[in-house]
Each structure stands twice: as C-alpha cells, then as structure tokens.
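Visitor: Those protein sequence lines, which keep their order, are chains A and B. Position 253 (the first sequence) corresponds to 345 in the numbering used here; numbering is contiguous. Position 264 (the second sequence) corresponds to 291 in the numbering used here; numbering is contiguous.
Because the hints were derived from the structure by calculation, they are not lab data. Remember, it's a predicted structure, so these values are computed and weren't measured experimentally. Among the hints, a few may not be true.
A short, non-exhaustive set of chain B residues, derived as facing chain A with CB atoms under 8 Å [said to hold, decoys possible]:
hint: 1; residue: S133
hint: 2; residue: I136
hint: 3; residue: D137
hint: 4; residue: V142
hint: 5; residue: H144
hint: 6; residue: I149
hint: 7; residue: L153
hint: 8; residue: A154
hint: 9; residue: G156
hint: 10; residue: A233
hint: 11; residue: F240
hint: 12; residue: L260
hint: 13; residue: G263
hint: 14; residue: A268
hint: 15; residue: A283
Counterexamples of contact, computed for chain B against chain A with all Cβ distances above 10 Å [claimed, not checked]:
hint: 16; residue: R32
hint: 17; residue: L38
hint: 18; residue: L47
hint: 19; residue: A63
hint: 20; residue: A64
hint: 21; residue: F66
hint: 22; residue: C77
hint: 23; residue: R176
hint: 24; residue: L177
hint: 25; residue: V182
hint: 26; residue: T188
hint: 27; residue: R196
hint: 28; residue: G198
hint: 29; residue: H212
hint: 30; residue: S234
Cβ coordinates follow ideal geometry from the N, Cα and C atoms, glycine included.
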Amino acid sequence: MLHRLQFTAKKLVRMALLLLGVSLTAFLLMDASPLDPLQTNVGQAALGAMSPDQVAKLEDYWGVNTPAAERYLGWLSSALRGDLGTSLLYRRPVLEVVGQRLGSSLWLLLFAWAASGALGLAFGLIAGTHRGRWPDRLIRGFCLTLSSTPSFWLALLLLMVFAVWLEVLPIGLSVPIGAAAESVTLAQRLRHALLPALTLSVTGLSNIALHTREKVADVLDSDYILFARARGEGHILRRHVLRNVALPALTLQFASIGEIIGGSVLVEQVFSYPGLGQAAVSAGLGGDMPLLLGITVATAALVFGGNLAADLLYGVIDPRIRRGAART
Amino acid sequence: MRGNRRKTTLLLLIFAAGVLCALSLTGELLAETASAADFSRKNLPPCPACPFGTDWMGRDMLARTLAGLSLSLRVGALTAAASGAVALVLGTAAAALGGWADALISWVIDLVMGVPHILLIILISLACGRGFWGVTAGVALTHWTSLARLVRGEVLQLKETPWLRMSRRLGVSRSALLRNHLLPHLLPQFLTGVILQFPHAILHEASVTFLGFGLPPEQPATGIILEESMAYLTTGRWWLALFPGLSLVLLVVLFALIGERLRLLLSPAAAQE
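Pulled out of the complex, with its shape left as it was, chain A reads as follows (with noise of 0.2 Å):
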C-alpha cells in the first residue's frame, strides 16, 4: 500500500509542477501578445474620444501599467489560496465563470468522451478481428475520412441537414431562446445538446479505434493466442484479446481527454452552446486575460488528472504492474 501512496504522491508533485508550467506559459504568451486590451475592447474611436484620466484608469483595469513579473507573482499567490482573479469581460469571479461554464459542458463532454471511447472500441475489435476483410476497409475507411474531417465542418454539415433542411433540431444554444431558465425542461436541453455531442464523439472516436485495431492484430499474431486455438480454447476474443487490449485502450480513453476539449471549443462556437470552449474564445478574441489564464489552468488540470487516473489504474487491472511496483 505503502508504494501506492508514494508513487501517487510524486505523480501529485509532478502534476502541480506541469500545472505551474502551463500557468506561467500561458500568462507569457498572453503577456507577450502585441495586442492592446483597451483597442480590442474599448475602440479606437471611443478611446480617442475619452479624456486621458478616463484611458488611465481604463489601462489600470486591464493591468496595463503593472510589471508582468508582478502580475505574475500577484496571480500566483491568489491562485493559490483559490482565487483566480476576475474576468474583465464578465465582471465576476474567475473561478465562477468556469464552473458555471464547465458545468454546461461537462455533459457534452461526457457524453462525447464515453461515447467515442466505447464506439471506438467496438470498432477497433471489429476491424481488429476482420483484418482484410470487408468490416476492416469499411472501418478504415470510416475512420481515415473522419480523421480528415474538421469537426466545425462536420458541425456546419450537420446544422445544415438537421435543423435547417429537416427542421427537427434546433439550430443552436443550449436551452430555447426567451425560455424563462425554471421552465426549461430536461427534454429541451437534450434536444439542444443532441448535434453538439454528436459531433464532439466523433472527434475522438478514429484515433482510439484504429488503435484498438493494431492492438488487436498484434495479440491475434502473437503465440499465446496460437496456442489457446491449438488447445481448442473458445472465448479467445473474452479471455485472451480484451485483457490485453484493455490496457492501451485505457491510456488511449483518457489520452483523449484533451482532444475532446479542444474539440469542444470549436463545436460549441459553432453551435453557439455557452460552455468553457466558447468561454475561451471570447476571453481570447476580447483579451480577458484572467480568464483565458484560468481557462488554460483548469483544461490543463482536467488532462493531467486524466493522465493521473490512468497511471492509477494501470495498477488495478494489470496485476503485473501492481506486482512490478511492489517489488521495486
């Protein structure tokens, strides 16, 4: 138990330090940006018009006049006491806006997120185990044309035949437009998340699935497999090829993580659904810096939690790495 506890916590250690990485990247990046918050929010006109204490205090609410390494360091020990600051273009608290924003996604991304995983695995089994043959070029083909697809295209596609031609799903946004938000019912806000999953699933869905595939065809190939047909073994594909597959379609499930939410930025500007994705790109195209930092922050934290989770449940299913890290 005890190897359990230390490999979790230097896991732990590591992640805060990529975490504190990703902060200081990105608040760099943002720094270093030549574009002015006060042009890009304010105007050029407006700005020109206003009297220089008006521009000074504007630049004082942007952070325009205070050092970066100052910024920086006054982020950081507010972070870390968990305030992350106050988004200027929502005017409340950071940590706020993503939560609320996070949590309109997260059934989105759920939803996409085991979707993919499951349908990319039954594929990869089935192209795995049909290699050659006609399920296998069909699957491949699927997955190759899906892979090569934007999905903001796909969403576009979609939108098209579904709610402009069809007319049976709504067009956009996450619950009807003018609904009092008590009177919405459960019903409607899937009707409304109904494309944005769709289209979010398949995102993820090649990339695990022509995985699956190879992983399949190595085990198919290997010795073990021909000594349990040479026995007569049945369940082959129970006993011996979803054991060992199971392994890297984990480290695949939660490697998608991150995929699933740069997805998700792109496919809810599309449908114009007011999750975390489209939160980023008006705090990147408006310049609200704490926001895109704490945006970056909290997606980042998500993906190495995912990596996380899968370090730790290696240990669970494989009882050879369990065994491995006792020993060591």
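Given chain A, put chain B in place with the hints provided.
Guide: The following block gives chain B in isolation, referenced to the frame of chain A:
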C-alpha cells in the same frame, strides 16, 4: 497485385505531388479572381459557369476554394517542416544527452501535451499578434511533441544496439556514427512522421482561422470561407460551406493516405504484409 505495393505507392506519390503542385500553382494564379467581387452574379447556386457557386459578393467559390487550399498547403508545409526540425533536434538531444536534459525535454513535452492543442495554438497565435505567422508559429510549436517522443525512443534504442556499441569502442567519431548509423535508421520514420503531421497541421490551421485567431479575413483561407458561410447557413446557401469543406477533407485524406502508405513501405516488418 501484392508485389506491386511499391509501384502503386510510387504512382500514388507522383499523383499526389502533381496534385499538390497544380494546387499551389492555381492558388497563386487565382488569388486575384478569388477576391474579385462581381455583384451582377451574387448568391448563385452551383451552375456550369461557376461549379461551386458564388457568395454574397459574387466571388467565385471555386477560385476561393482553390486559393484557400493552396494557402493551407503553404501553412501545412511550413509548419510540418518547422515542427519536424524541432522534434528532430529535441528528440535526439534528449536521448543523446540523457540526465537532466532528457528530464527537462520530457517535462516540456508533457507540458505541451497537457494543454489542448487548439487552446495552445490560440495562445501562441495571440502572442505573435495573430495573422499568418501567428497561426504558423502556433501549429509548428504544438505538433512536434509526439514526433520528438518517437525520435527519442528510436535513438535510445539504437544507442544500445551491438553495432553502435561496437563502433563506439572501435573509436568511430560521433559525426560518423550519426551519419552512418543513426540517420539511415531514423530518416524513414522521421520523414513519414513529418508527412503525417501535414493533415493535423492543415486541420488545425483551418480550425484556428475559423475561430478568428489565424489568418486575416481578407485572405481566402478555408477557415475564413467556412466562418463566413456560417452567417448564410440558415438561408439555405449550402454550397458556401459544402464544397470548400469537402475539398479540404479530400486534401487531408490524400496526405493521410500517402503518409500511411509510406509508413507501411518503409517499415521492414510491414513492407511484405
């Protein structure tokens, strides 16, 4: 047919190279046509005169699509080359130097992989003030990680092979080792890796441009075209989005196919499959 894998791959390569040359050439030639407005023929659906239709300013969508693809190609080539170079240098450095250099480089790789690509490209593009160089730098600086890992792993493996240990003991110079033993092993894998970067690079460029952090709106990039088409989606002008996107998909599929074929051909284990 089985023995002809090499021949078909070669043919495919020649065909693809031809397509790419033709695309970049026509894109250059059509740059004028692509942004020429003609209000006498705006919002035309696809017809024999303009197969991809025209937009609300009467610009020919076929010309715009081709110009956009050639722009994508340029960004793709530039970023694939740049990220390939970064991956080669950092990957070999990590494996050859070992110790803290290896730890540092691996840490940076983890760092870059920890932030979703789109978000990181947005950040880098903002740092460079958006535009062509912003998005190029963004894509180039995010796509080297997996290739660098591959190179690092290969070099680490090669370092321990009997023939390399032997030649080191025999006093063969470092540069000769690199030239005669490391590079010939590394090059095929590396080149396929670079070609397989192409699809990702092109797609990410289009995505970031679509979001408004990439190429400026006056350039007929695919991302810009699709972003503009969004406003006309509800009025049923399907051709504005369908054809440019479809062409992009075809281009990316072509690259993915070439990369995949090359990978199979160049890896000795799979070449005879």
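Visitor: Evaluate each hint against the coordinates.
Guide: Now for the hints, and whether the structure bears them out:
With a least beta-carbon distance of about 11 Å to chain A, the hint placing S133 (chain B) at the interface is violated under the 8 Å criterion. The interface hint given for I136 (chain B) is broken, as the beta carbon of that residue sits about 11 Å from the closest beta carbon of chain A, more than 8 Å. Satisfaction of the interface hint for D137 (chain B) is found here, the shortest Cβ-Cβ separation to chain A being roughly 6 Å, below the 8 Å cut-off. Hint status for V142 (chain B): holds, given a least beta-carbon distance of 5 Å to chain A, under 8 Å.
Hint status for H144 (chain B): holds, given a least beta-carbon distance of 5 Å to chain A, under 8 Å. Nearest Cβ of chain A to the Cβ of I149 (chain B): about 5 Å, under the 8 Å cut. The hint holds. The interface hint given for L153 (chain B) holds, since its Cβ lies 5 Å from the closest Cβ of chain A, which is under the 8 Å cut-off. The restraint placing A154 (chain B) at the interface with chain A holds, with a minimum CB-CB distance near 4 Å, inside the 8 Å limit.
The interface hint given for G156 (chain B) is met, as the beta carbon of that residue sits about 4 Å from the closest beta carbon of chain A, less than 8 Å. Taking 8 Å as the C-beta contact cut-off toward chain A, the hint placing A233 (chain B) at the interface holds, the least distance being around 5 Å. Below 8 Å, beta-carbon pairs count as interface contacts, and F240 (chain B) has one with chain A at about 6 Å; its hint therefore holds. This hint holds: L260 (chain B) has a C-beta 6 Å from the nearest C-beta of chain A, less than the 8 Å allowed.
For G263 (chain B), the suggested interface contact is upheld, since its CB lies about 6 Å from the closest CB of chain A, less than 8 Å. Given the 8 Å rule on beta carbons, the hint for A268 (chain B) holds: about 5 Å separates it from the nearest Cβ of chain A. Evaluation of the A283 (chain B) hint against chain A yields a held restraint, the C-beta minimum of about 6 Å falling below 8 Å. Its beta-carbon lying about 14 Å from the closest one in chain A, R32 (chain B) satisfies the requirement of being farther than 10 Å from that chain.
Remark: the non-interface label on L38 (chain B) is consistent with the geometry, its nearest Cβ contact in chain A lying 19 Å away (cut-off 10 Å). Its beta-carbon lying about 16 Å from the closest one in chain A, L47 (chain B) satisfies the requirement of being farther than 10 Å from that chain. With a minimum CB-CB distance of about 25 Å to chain A, A63 (chain B) clears the 10 Å threshold, and the non-interface call stands. No Cβ of chain A comes within 10 Å of the Cβ of A64 (chain B); the nearest lies about 23 Å off, and the non-interface call holds.
The Cβ of F66 (chain B) sits about 25 Å from the closest Cβ of chain A, beyond the 10 Å cut-off, so the non-interface label holds. C77 (chain B), annotated as away from the interface, keeps every beta carbon of chain A farther than 10 Å; the closest lies near 20 Å. The Cβ of R176 (chain B) sits about 12 Å from the closest Cβ of chain A, beyond the 10 Å cut-off, so the non-interface label holds. No beta-carbon of chain A comes within 10 Å of the beta-carbon of L177 (chain B); the shortest separation is about 14 Å.
Its beta-carbon lying about 23 Å from the closest one in chain A, V182 (chain B) satisfies the requirement of being farther than 10 Å from that chain. Residue placement check: T188 (chain B) keeps its beta carbon more than 10 Å from all beta carbons of chain A (closest about 23 Å). The claim that R196 (chain B) is not at the interface with chain A holds, since no C-beta of that chain comes within 10 Å of its own (minimum 31 Å). Chain A leaves G198 (chain B) outside its interface by the beta-carbon criterion, the shortest separation being 37 Å against a cut-off of 10 Å.
Residue-level check passed: H212 (chain B) sits 22 Å from the nearest beta carbon of chain A, beyond 10 Å. Not every Cβ of chain A is farther than 10 Å from the Cβ of S234 (chain B); the closest lies at roughly 6 Å, contradicting the non-interface assignment.
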